[in-house]
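Colleague: With the hints as extra help, turn the sequences into a complete structure.
In this text, residue positions in the sequence shown follow my numbering: the first is 62, and each later residue adds one.
Careful, some of the hints might be misleading.
Said to hold, decoys possible - Simulated restraints on C-beta separations: (1) LEU264 with PRO105: 44 to 50 Å; (2) LEU264 with ARG101: 40 to 46 Å; (3) THR314 with ASP203: 19 to 25 Å.
These are calculated hints, taken from the structure and not from any lab test.
Where a beta carbon is used, it is the ideal one built from N, C-alpha and C, also for glycine.
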Amino acid sequence: MKQTWLITGATRGIGMEIVKAALSAGMNVCATGRSLEKLRDTFPAQPGLLLLPLDVCDRQQQSQVVEDCVKHFGRIDVLVNNAGYGQMGYFEEVTTDSVKAQFETNVFGQIAMTQTTLPYMRQQRAGQIFNFSSIGGAIGYDIASIYCASKFAVEGYSASLAREVSRFGITITIVEPGFFRTDFLDDRSVHFASPSVSDYDSLRQEGEKSYREYNHAQPGSPAKLAQALLTLAAAQEKPLRFAAGSDAFDLLTQEYESRLAELTTWKNLICSTDIAR
Numbered sequence: 062m063k064q065t066w067l068i069t070g071a072t073r074g075i076g077m078e079i080v081k082a083a084l085s086a087g088m089n090v091c092a093t094g095r096s097l098e099k100l101r102d103t104f105p106a107q108p109g110l111l112l113l114p115l116d117v118c119d120r121q122q123q124s125q126v127v128e129d130c131v132k133h134f135g136r137i138d139v140l141v142n143n144a145g146y147g148q149m150g151y152f153e154e155v156t157t158d159s160v161k162a163q164f165e166t167n168v169f170g171q172i173a174m175t176q177t178t179l180p181y182m183r184q185q186r187a188g189q190i191f192n193f194s195s196i197g198g199a200i201g202y203d204i205a206s207i208y209c210a211s212k213f214a215v216e217g218y219s220a221s222l223a224r225e226v227s228r229f230g231i232t233i234t235i236v237e238p239g240f241f242r243t244d245f246l247d248d249r250s251v252h253f254a255s256p257s258v259s260d261y262d263s264l265r266q267e268g269e270k271s272y273r274e275y276n277h278a279q280p281g282s283p284a285k286l287a288q289a290l291l292t293l294a295a296a297q298e299k300p301l302r303f304a305a306g307s308d309a310f311d312l313l314t315q316e317y318e319s320r321l322a323e324l325t326t327w328k329n330l331i332c333s334t335d336i337a338r
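Modeller: This is how it looks when you write it as structure tokens:
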């Protein structure tokens, strides 16, 4: 059966490559982005492609997109929650408004998109949802505390949701990309907090320089990640988490080993908090 894919954040980067890969595989695709004009510039009109404007922070627009996608194609088989951006900066320097904006896009927008799509998938008793997190959803990084917090939130709700909806034939996969060669570290995709605490000056300059030098030198291929998602969508058994990229594999392996070692080191004190039997 020809699947229908609904993809957010499709105008560039990984989202754009997922649209291309799904179309090449013969899927129906509803590609969304904040600018309909940019979508039209990126993707030529073709059978099986529906372009719709979507700001994931706009709940009314979300409902309209899902409704239009179902009306046009008859169903939604795969939802790719890809839209997001990075709020960088040392924790003390990030404003409350910036924190709220980060969570509105990366967490609340994704949650609302998922909630809007789930009723249709439940009715179908089938569906696949790819929720984009990051290695920053499992590992904390300096200069990225708020971004990491938003991705940790994605991990938490997605892992719980997977348990709730598996009985309806719906699968959740958390995608944890490492560093991919996109414009994610460009100024239009990443926001750095304004300097306000002098104690961080030298660290900030070094950290921001490191991020900017790594921009467009990342090891991950967006096109290959898109193909990997097609493979996952077709698999009989799907993972709850998919770490994308060799750097993600190595970094997450180190993180899990470190957590296990720490847990083992403190085992006696941990277990001492039980009520005596």
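Colleague: Could one say that the CB atoms of LEU264 and ARG101 fall in the range 40 to 46 Å?
Modeller: Given a distance of about 43 Å, which is inside 40 to 46 Å, the answer is holds.
Colleague: Given the hint of 44 to 50 Å, is the C-beta distance from LEU264 to PRO105 inside that range or not?
Modeller: Once the Cβ atoms are compared, 46 Å apart, the range 44 to 50 Å for PRO105 and LEU264 holds.
Colleague: Quick one: are THR314 and ASP203 within 19 to 25 Å, going by C-beta?
Modeller: 21 Å, holds
Violation of the numbered hints given earlier is absent; every hint is satisfied by the structure.
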